[in-house]
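Colleague: This is what each chain is made of:
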Amino acid sequence: MSRSILWRFVLIGFFFLLAVVLFLPSTPLSKSLPAWYKDNFPKIALGLDLQGGMHLVLQVDAEKAVENQVQRLIKGMDVLLKEKKVALSEIKSQGSEILISYQSEDAKMSLEKVIGNNYDIFKKISEKENSIIYALTDSETKRIKEWSTSQAIETIRNRIDKFGVAEPLIHAQGKDEIVVQLPGLKDPERAIALIGKTAVLEFKMVDEGGDLKKAMDGQIPEGDELLYEKRADKETGAVRETPYLIKKEAVLTGDLLTDARVAIDSQFNEPYVSITFDSEGSRIFSDVTGQNVNKRMAIILDGNVYSAPVIREKIGGGRAQISGSFTHETATDLAIVLRAGALPAPVNIIQNVTVGPSLGEDSIRAGVKAAIVGSIIVLGFMLFYYRLSGLISDFAMVLNIIMLLGAMAWFNATLTLPGIAGIILTIGMGVDSNVLIFERIKEELRTGRTVRSAIDAGYDRAWWTIIDSHVTTLITAAVLFQFGSGPIKGFAVSLSIGILINLFTALVGTKMVFDLITKGRRLERLSI
Amino acid sequence: MDILKDTKIDFIGKRYYAFIFSAILALVGIIAAVFIPLGKANLGIDFTGGVAIQLKFEKPFAMENARSVLDKAGFKDAELQQFAEGNQLLIRLKNAEGELKVTSDRLTEVFTQSFADNKFIVESSAAVGPTVGKKLQKDALWAVGISLLGILIYVAWRFELIFGIAAVIATFHDVLAVLGVFYIMNKEMNLLIITALLTLAGYSLTDTVVVFDRIRENLRKRGKEAIEVLINRSVNEVLSRTIVTSGTTLLVLLALLVAGGEVIHDFSLALFLGVLVGTYSSIFVASPLLLLWKVKRGRLVR
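Protein chains in written order, with this note's numbering: chain B, 10 to 537; chain Y, 35 to 336.
Possibly wrong hints are sitting among the right ones.
So, partial list: chain B residues that the calculated Cβ filter (under 8 Å) puts toward chain Y [said to hold, decoys possible]: (1) K93; (2) E322; (3) G325; (4) N361; (5) D371; (6) G383; (7) L400; (8) A430; (9) L434; (10) G437; (11) W473; (12) T481.
No lab work stands behind these hints: they were computed from the structure. No residue lacks a Cβ here, since even glycine has one placed at the ideal position from N, Cα and C.
Please model the entire structure based on the sequences and the hints provided.
Modeller: This is the structure:
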């Protein structure tokens, strides 16, 4: 064996063995492999379409996040302006703007001074008689919007971690979208409820003096709101709605709690969520309950009243409980979202693709079957049509598939159903390169060349044709990778890796075998 | 072994028939390309937005029952498709108004109530918001544009410009032909089909490149041979490899088409048709196009 052939032989052998080593942990055989081996090597990941799971795209309501932030800022602004004794008649939010009404020209001057000195994130946008409208600066609005997306991702990741899903994938997409992929998920409904819940927890006082009847006819007193408690009957499933007239201002909110746990009510044997406030929350809670004995305090989550118990006495210790008609599951999930915190703004599900595990299994089975059938047909055809040379190309094809799978494991690539199709297509294309070379060799043989020089000429002349045809496919694969999502990305990945490996096996792999056969002897005929 | 040896088929002589045939194919494709973005086609919910749910029942069910149940529940626009294997039903609701989750929940609820004695599981479900659909449509158009441009640039760089142009026209022709056939068959247009079309744009060049390489090679050592004869000879010389390469690819695609399962059936069909048309076009369209150029300019690069 000459050095050049030996060198190539070693190279190909090395790649082949490497591919086998890399690919083995991704096969069903991995169960019988030692732990250090299968745990430390990268594996081919299965796409959601093959293993089942959920792919969600959420859109953060960024406008709402800005409004919420403005609401929060108003409180501090109000306190500050009162401290500075600015004579105001009103301060309120209008969407993402703040309207401040003053009582005198003096008040106006000091108002503008206080705001100018303390709130550079606000700018004056218009002035009316006795009032000024402020809005957040553009840069601050942009910052809040960006913050709301990243904060929402953080919160959702937190919730999913607590919920427990293996290998979730959560990332931002574009300006205000979040992609959540939960492979192998068992209960999609529950996950959606868990992820999509804004989870703003508020404690508000019931307006005991207000007229509930009138409010239901549309005459809601200033500063109040009409909210409902929805309670499903456990036996009939019928939902009963109870209206409450509630003071808009929240006395306490969920961001002051440190823990939330499920507990079981010993009297009714029903689960409830027990929450613990931090020190500030505990102080407020004890003050508010102390001041409002015998009044009702509503516990509200995302605008729905969970319960509105009557305060019997001042409650110290910073503990409260949320009861409602919970099952153990819904109580657990509520505790999770409360612990993970509220989303900065509501999120809308704009895309949801869920695949059940059995469909995925069927798809794998069908895909693998097609791949095996396709390979056998092509292997058989090549052997039949090109004889010994066909055998060489069959060897290249097997090499090709194994190296492709090894490379996919190495890159931790995701295999999807279209990806399996990509592998199958690669099989077809891999053979193409060999056909081009073989036909060229045949042609050269017909012109009367020796076997040796016909082989060399065949490879030389087919070289650029093969490169050209592979590059154009590579171009489209690259575009598909850039624009496609999920399953289609998987197709682009297996197709492009396959094409590159094709080039190697066709131009280096089979050539080596031919060189090996013809080396050192004069072949009169070539079986092709 | 050879299936074809020393053929002397007059491909160039039949070019006008081929042009007429191809013009019809391309025309249908162009019509499809115009109507599909306008929504006047069987667009998948990836593009229109909407809800698709695949149910797997325990026992066989009658399509009429499913239909009437949905009609009664107010889902008159729902499209139904039955899979022979495993009592499966695919329900598609395009351009669904209102909240997606509510709609898909309603759909499953309707079946739970009306098919109480025939339990089912939800095999898969997809819900796509209208804004997402618009975005995916835009992305798909960009992808088609950029990859065709990329191919044009590469081929123009590797060959002389006229070869590049002829190759790209042939490629366009192949993509349009498959698009047209799918449009006439009223196949659903979705992201997977677009993927197949782009892939075949890349792949169909293979055959064209094989033929062009040979024409270029023969041009370099051209004697007094007329250009028509030269092109004809070149096509005949590479005919067997064109047929074998396409043949092997068609074989694996056929396996995918038959055994690959419901989900990628149309995808495989598009690729299969594409390889078929691509082979035809590299022989009957791309090569004679070089001749048209000569008639206009009075020469072909030497």
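Colleague: For which of the previously enumerated hints does the structure constitute a violation, in increasing order of number?
Modeller: 1, 2, 3 and 7
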